[in-house]
Amino acid sequence: EPEVTQTPSHQVTQMGQEVILRCVPISNHLYFYWYRQILGQKVEFLVSFYNNEISEKSEIFDDQFSVERPDGSNFTLKIRSTKLEDSAMYFCACSLSAGGGMPKNIQYFGAGTRLSVL
Amino acid sequence: GDSVTQMEGPVTLSEEAFLTINCTYTATGYPSLFWYVQYPGEGLQLLLKATKADDKGSNKGFEATYRKETTSFHLEKGSVQVSDSAVYFCALSGYNQGGKLIFGQGTELSVKP
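Each protein sequence line maps, in turn, to chains L and R. Just so you know, the first sequence maps onto residues 1 to 118 in this note's numbering. Just so you know, the second sequence maps onto residues 1001 to 1113 in this note's numbering.
Because the hints were derived from the structure by calculation, they are not lab data. You may find that some hints are simply not true.
As the list claims (entries may be wrong) - To give a feel for the contact side, a few chain L residues facing chain R, derived at Cβ under 10 Å:
(1) Gln37
(2) Gly40
(3) Asn51
(4) Ser55
(5) Phe65
(6) Cys92
(7) Tyr108
(8) Phe109
Quick caveat, the model's predicted, so the values are computed rather than measured. Positions of the beta carbon are idealized from the N, C-alpha and C atoms, including for glycine.
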């Protein structure tokens, strides 16, 4: 069964450093998402991406964050200058198109990248 | 804004016990409702879904019914197994809101033999 692949599984970085979290979504899926889960808290939506641009972003997704689909297969989340409070599990997800510019309502998730900011 | 509230965990049950995990939601319009499961070391997997009132989602012996009158989507299973030990997330997707999921806080289930 096709799956979403996220690398690395665990990333340790120093505060102020840039990190790039990588995701390979399922091929032929057109909608892409990032979520995060701070330890002990809810899974929170960060951003959705379709047709090479951001569709929606949450309040969390400030200027320190960016997303990119640099080629036909990867989808990346960059944090420009990490803070201690960015420590969390980051999940990538994708979904098929339902047509009419809307995604199907089933999302497929990767196993996540645990980001530890020291 | 839209939100999801789940019962606190962890929940510990003996094998073959009955499981209920409560989930209530607040949303405008007619959201779609989901249960996702996360097994240790893995990503979130869709367990079941319901897209309109009174729909019942079911999978692997788990069931949940979309109750608009009580804004609930409780997860149930008649007889749990050790292999059901995981974290369960209730989530909603608002109608015509671009697909983003809003999650509850997750409920950890531990099933003992």
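- So which of the earlier hints does this model not fit? As far as the earlier hints go, 3, 5 are violated by this structure, in ascending order.
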